[in-house]
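Construct all of the structure, not just a fragment, from the sequences and the given hints.
Those sequence lines, one after another, are chains A and B.
Here the first sequence is numbered in the numbering used here, starting from 1 and rising by one per residue.
Here the second sequence is numbered in the numbering used here, starting from 1001 and rising by one per residue.
The set of hints was computed from the structure by calculation and includes no laboratory data.
Hints are supplied without guarantee of correctness; some may be wrong.
[What the hints assert, rightly or not] Capping the alpha-carbon separation at 27 Å, the derived lysine-lysine pairs in BS3-like fashion look like this: (1) B:K1006 / A:K550; (2) A:K805 / B:K1063; (3) A:K432 / B:K1086; (4) A:K661 / A:K721; (5) B:K1014 / A:K764; (6) A:K539 / B:K1063; (7) B:K1136 / A:K784; (8) B:K1150 / B:K1200; (9) A:K716 / A:K679; (10) B:K1063 / A:K527; (11) A:K98 / A:K539; (12) B:K1136 / B:K1150.
Small disclaimer: the values here were computed from a predicted structure and weren't measured.
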Amino acid sequence: MTTSITYDDRSVRRFMIASLIWGIIGMLVGVIAATQLSWWQMNGKFLETITFGMIKAEGISFLTFGRLRPLHTNAVIFAFVGNMMFAGIYYSTQRLCKVRTASDLLSSIHFWGWQLIILSAVFTLPAGFTRGKEYAELIWPINIAVVLVWVVFAINFFWTLAKRNEPSLYVALWFYIATIITVAMLYIVNHLSLPTSFVHSYPIFGGLQDGLVQWWYGHNAVAFFLTTPILGIMYYFLPKAANRPVYSYRLSIIHFWSLVFIYIWAGPHHLLNTSLPKWLQLLGTLFSLMLWAPSWGGMLNGLLTLRGAWDKLRTDPVIKFFAAGITFYGMATFEGPLLSIRAVNALSHYTDWGIGHVHSAALGWNGFMAAGMFYWLAPRLWKTELWSKSLANMHFWIGTVGILIYVAAMWAAGIMQGLMLGQVDAGGTTLKYEFMETLESIQIFYILRSFGGTLYLGGFLLCAYNIWRTARSGKARDETVQVAILERPKKDNMSWGEALFSDPLAHVFLGMAFVILWFFLPPHADKAALVVAILLGIKAFYAFKASKEKWTNWHERIVENYLPFSLLVFIAVAIGGSVQIIPSLIVNREKNIEGRLQELYTPLELVGRDLYVAEGCYNCHSQMIRTLVPDVMRYGRFGIGDDYSHLGESLFDHPYQWGSKRTGPDLAREGGALAAGSKYMRVGKRGNDWHFDHFLNPRQTSPGSNMPSYPWLFEKTADVKSLPAKIAAQSRLGVPWPAMSQHEIRDLAESQSQEIAASLVAAKVYLPDKPDLQGDALRNHLAKTEAVALIAYIQKLGAYREIVKDSPARPSSLNPDSHRRNP
Amino acid sequence: MSREPKRGHFAKEKGEVILREHEYDGIQEYDQKLPNWWLFTFYGAIVFFVGTWVAYYHTDFLKNDQQIIREKIAAIQAAKMVELEKTLATLDDSKLVHRWATDAALVSAGEAIYLTNCSACHAADLSGTMTVGAHKIPLPGLPLDDREWKFGGKPMQIFRLINEGSPPESTGHNGAKMQVWGQTLNPKQIAEVTAYLIAKLPEDFKDIPAN
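Printed below as a string of structure tokens:
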């Protein structure tokens, strides 16, 4: 029985237009943020020039790098790629399932809900409402909205699969399924937080646990938001555009399953050489290396599909963009494992090499795959021809040159600064360069980067214009086709038993179980587990040889059954995170900490810390001295041989603030001991007045600095009122705050801020905006300001006490390192 | 392609190309065996994983990161002590004033170091103040040009003060202490900075005799 169906192409058009608009905005913010690193005036002061002095400001809070950078990353990831992904998924899923999307209402809720979320981000992020975790900055009410909209999307998608008129699922759909399931899992776990007000919350994990969860999420946001959906899109649109069969079906199977299983484990490679336990670092590195081949499997299946269609590369801009995009994917997924090698990471991490790496993937892979898809879709969605092929070609070349300039500049900057930071003097006992000298030496590359980024944005504007003209030259029309209705018995007819209790799965699960036992079992038992795992691997190999037909049929059947398939995907992606995160939640707690344990913050220091997070200081400053000679020599204290950051030093930090990029120096040892005769006030590496001058005008204390000026810190009143709620929330999360009444909290904060303010007045600080304030009036003003709270926090950084345990720690089965003779 | 590809489900031999029978919205799929280099990359990475884990957790050959860094830093600190001893053996008040501070090359090297590291707190003109508009504002560091040396004004005392930072008993200037510059600068650089200060403040050191 056949029937006529009309696809819902309106949703596709909407998502596509949204992607173009948000893409322009997100990239524009990126270009502005890039120029801020070259010219500090771009943090607000430039408004004074362009308005001929009507606006007077040394800096404007919502335009600073620390607040714009999160807006840029969130906009390009979730708004640009997000909407692009939805356009591609809605278009291809309907056609691969030969059915209209299940619910137009859900499609509409999905579309408008997503745009509202982005719009709310545009306002909250520059306002300084943030959770302080990269790509997870949005505040908790928006998090809930994201989850709800994602669930709407998931229901709509799986409902469409259930209604499909096509027995088996094409490989593109496998990738979409993996995307929807995994993003939901990652997003929910990394956004678990305890609200303290409508706009503020603390992540429930702290310190290293928070870091581990963050990069499990952060790394796999790259994997399952920026990679798997785009691979799915590649598998649909590339063979369509090239009119060639996909290179190899078995490669699709192997690289799909290995990719989704292995990717999840690689997160800790963002925390190499830090105080993250060694076993997690090893897993991060080794799984990243194992990920290389599966990633290249996707590239091969893309590029080799073009065999026999390479001539189209000259004439068809769509193929041009796809071929270049897939090539950039190959480059980036080769570079990724390379950067995960600890020795390479020692140089690259915290420098611009990482920025170059993500942009070769984001601009090359995501941006070009998006462009290829848009150019292919637009004529079909508006039933016309592409308005201008030559404009599309021009976009391609401008974009390519832009990417190459951008990436080359960042490579040069990252490698050069990394080498300079580690360079020692002739005697080998002191470092050759001050941090500022290394920053000044890469300025030229920062300017080149802004130029490359601007070119890329220019190309993208051409794309938007071309699509707009194309749309205007045609008429929006939804495609109608004849399809044969598929009755239920022909699809989704595998029983759960048949799906799950099968030979291939039994081998895989048993093998995996023994590999995991090998990580965790005590000495000797672990080796036995490894032997069993290897034997199981060999057995699986022979079992597969013997019953190839049966095993392949099982997979052919499983892709005809979307629910068992989805369950298997969920299991595959859930294993890595569980193995890495759950033991850390149990083992790495206060009672198990030896050596150094963080000193608790005072109420005022907590206010300062929340300001540090809100201003986005973590975008440029790390708080992590790695176990590397240049790090310890530069940031460790003189004469203390083991002054790298220890695990216990940030145990109570919600959120953790180890950072991921050092545009400024590390701050882990910035704080210090209580000042002589002071009850609360601490003095670290530098005096309070130094920090006062520095926040007011960083170039005064550090000539050449590109840090924004923070004049508003000296005006705005520190938020002491919400402290009781915040401290109560932290106590519930396990931070051992002493019991304090509201009054005690306020008095404590007041005493400390008065102490600091008095020290500033004694040092004769000068507030340019309030030149008349003197003596007690100045002290009382300063004591209320955010600046003093932030100084309190900075002077506390790295404070810890030594913990001596009565008996040595016992080996724990959840901590592989504890079994080593030299743990 | 000149000849029609074989139809079927899966390729069975190396080099065989099968065009799979099922089509999805017009998309066809080949099946063919995978390139060996790709397979070996994958298998190699898995073997490397097992090998590395075994080497680290099942043998005692490899030290952990903390041991490695502690040993390296201890070696550097020992070398630093030797370097300092050597420099100190060649330095005294008289040499700093009459040899180092009179050598234009050393003094200008000292000036460069001073401007990079010291001027933020002590000011480029050694006054410990800066001018904002009509105001003269104190900087975090003590003025150096006021003929007062809180911790001793002999050249070698100044050298040691820079090298070791504010003495432990000091309560700091407005609470802030000077950092241990010996961590950032090597002994020769510290001597150069000292020479620069002597050259800039001849009055303070005119009583040091030449020997």
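Going through the hints against the structure:
1. B:K1006 / A:K550: With Cα atoms ~22 Å apart, K1006 of chain B and K550 of chain A stay inside 27 Å; holds.
2. A:K805 / B:K1063: Judged against 27 Å, a Cα distance of about 24 Å means the pair holds.
3. A:K432 / B:K1086: 20 Å, holds
4. A:K661 / A:K721: Violated: K661 of chain A and K721 of chain A sit about 33 Å apart, past 27 Å.
5. B:K1014 / A:K764: Violated: K1014 of chain B and K764 of chain A sit about 82 Å apart, past 27 Å.
6. A:K539 / B:K1063: 35 Å, violated
7. B:K1136 / A:K784: 25 Å, holds
8. B:K1150 / B:K1200: 18 Å, holds
9. A:K716 / A:K679: Distance of about 25 Å is within 27 Å: holds.
10. B:K1063 / A:K527: 20 Å, holds
11. A:K98 / A:K539: 41 Å, violated
12. B:K1136 / B:K1150: Distance of about 22 Å is within 27 Å: holds.
The structure shown violates the earlier hints numbered 4, 5, 6, 11.
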